[in-house]
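Colleague: This is what each chain is made of:
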Amino acid sequence: MEKSIKNMVIGLLILMVLVPLGLIATGETYGEWGNEEIQEKLGYVPTGLEDLSSFWQNAPLPDYAFGGDESTQGAVIAYILSAVIGVVLGGGILYFFGKRIAKN
Amino acid sequence: MHIPDGYIGPYTYIAMWIIMIPIWLYAGQRLSKELRTRQVPLLALAAAFSFVIMMFNVPIPGGSCGHAVGGAIIGIVLGPWAGVISISVALILQALIFGDGGVTTIAANCFNMAVVMPFTAYYIYKAISGNSEIGSSKRVAASAIAGYVSLTLAAGVTGFMLGIQPLLYHDANGVPLYMPYSLGVTVPAMVLEHAFGFSIIEAIVTALIFVYIQKTDPTLLMYGRSASKKSAKGAAA
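These protein sequence lines are chains A and B, in that order. Mapping the first sequence onto the working numbering, position 99 (from 1) lands on 99, and the numbers just tick up by one. Mapping the second sequence onto the working numbering, position 218 (from 1) lands on 218, and the numbers just tick up by one.
Bound-form chain B, shown alone (with noise of 0.2 Å):
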């Protein structure tokens, strides 16, 4: 899913760079306002894990070959906010170091990845979970569930960048510049090879770590709890 340099052109990179500038900023904003000591170091993993897990390639039949990113874990766990700048730092070392992903494509990766993939899996996860227990297997299913949908959206997402370039960028004699291949094509070639194989991963990988995290300190599952009783407290103070 890491769109590489070349494949979309500059009014997509460039709008996705005008997109992505000012949520990376709100996103460290947000951080400054909510991060507590104690998820320092689950954010230091956060980016970590996200830059380990997109190297464990998996192939599919079709050979074709890809990878879960992890992020819907981090967007559950830590917040959407802090899956932006977690997962964005990966996806920022893993192109200027490894060249995987392109320079001129980090925003609309970053977008893909770092954006749509935590929002959707955080608020999937939310709406499912409702207010059932913390230790409940109704959150680890919606866990899961975050995971498969969120990525295989990214994918789409991703898919529909890729194949808007051939009505955008063509020679005179319609020889498209960029992503040669159209939306018909990319949509369905991403959608499918993740809802039917690196989404499933990614569910699992999700659920995996909810139910480790569920067993063993759940205090860790309270994004978006613990912060509005704070401030209900303190508006009742």
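If we strip away everything but chain A, and leave its shape as in the complex, we get (with noise of 0.2 Å):
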């Protein structure tokens, strides 16, 4: 591997390991409230939203969580394993397809 990815890939480590600090942010995401938070703010929820936000159940971790786990531990662990599955997937799916693709 040549030295300078093998550097990055290093960088790419060590950002997956303090990845957790990104949980101390605890605020909301303009734009990305639940429906529980919309309620809060307008005092009712826009019916479309309400039935197209349940369009999609079948996230295994959904918010990068196991469900049912509310312990920091358990949110660490998880946060760094959504890091290593997001990494592996993302970095093969390229890999694989960018080596039969690429010319010299």
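Treat the hints as calculated values from the structure; they're not laboratory data. As the structure is a prediction and not an experimental result, all values here were calculated from the model. Where is the CB? At the ideal position from N, CA and C, for every residue including glycine.
Derived pair list, reagent style DMTMM-like, types lysine to aspartate or glutamate, alpha-carbon separation capped at 25 Å:
hint : chain 1 : residue 1 : chain 2 : residue 2
1    : B       : K215      : B       : E133
2    : B       : K126      : B       : E34
3    : A       : K6        : B       : E34
4    : A       : K6        : B       : D217
5    : B       : K33       : A       : E2
6    : A       : K3        : B       : D217
Ranges of calculated distance between the beta carbons of each label pair, as one might list FRET restraints:
hint : chain 1 : residue 1 : chain 2 : residue 2 : range
7    : A       : F96       : B       : K126      : 29 to 35 Å
8    : B       : Y123      : A       : T72       : 40 to 46 Å
9    : A       : G34       : B       : L192      : 21 to 27 Å
10   : B       : N173      : A       : I10       : 57 to 63 Å
11   : B       : H170      : A       : G34       : 20 to 26 Å
Both chains are given apart, each in its own frame, so use the hints to dock them into the complex.
Modeller: Laid out in structure tokens, this is it:
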């Protein structure tokens, strides 16, 4: 592996270990409110929004967390595991297809 | 900036799928022409990096939080088309596996973060850099500005998509069916929180990685240069 690539991989691994820092921010994200938050803001939930919001129920790790486990430790482990899954799948898919289509 | 399911109605999200499908196909075609074996690990790293950097939620004053995307540095180093593919892969995984961003809205979110970002970043970087040396500090500044502007612009486009919803969808009494806030609220909200927060982080991240590559292996920064030289040579031969 080229040295610069190797160092970038190391940098990425460090980021993955540090990723639980992203859990400290607990504020809402604009335009990504849950239905309860919208209810609080408006006093109602727009009907189309409510219907569509449950469109995808199949996420295995919704919100990068283990469902039901509320502990900090659980949240940290789930968050790091999520980063690992994202890196392995995202990097893996592109590496696999990239190798097949790349020219020298 | 990940629009969840339910925030934009069918006309908007279907329109975005219709726009994005040809962009993805064309981006794939461009990659299969341009991608060199040496760049494959970088492309894989780009998707992985973008995925991870988006997990670093940062609070800003006012109780809101958000994140950088990493889309600018990817567009600058690998070119905008590789940016489309790698950031889209990260966003699709986030939607399907982690429920971060909607599934009906995958195309809209990819348009904002995987098209608007790498393209504006790439062209801003190119315009500011001009013919300066590859190792010049002018290019570092160009990368930072590209990071800052591209994320802010992507936020503005997201705000636009959200803000047109009350115009497009409301019941007979004028009650909104999807995103309830109008353009006058959504665009400033999205633009300001990025301009004063997350875009600054994007600028720093972009410049740091740029400097690192510049110092260690500037040949990686040749997107759009070596290709044109090559074709010039090919034409001469």
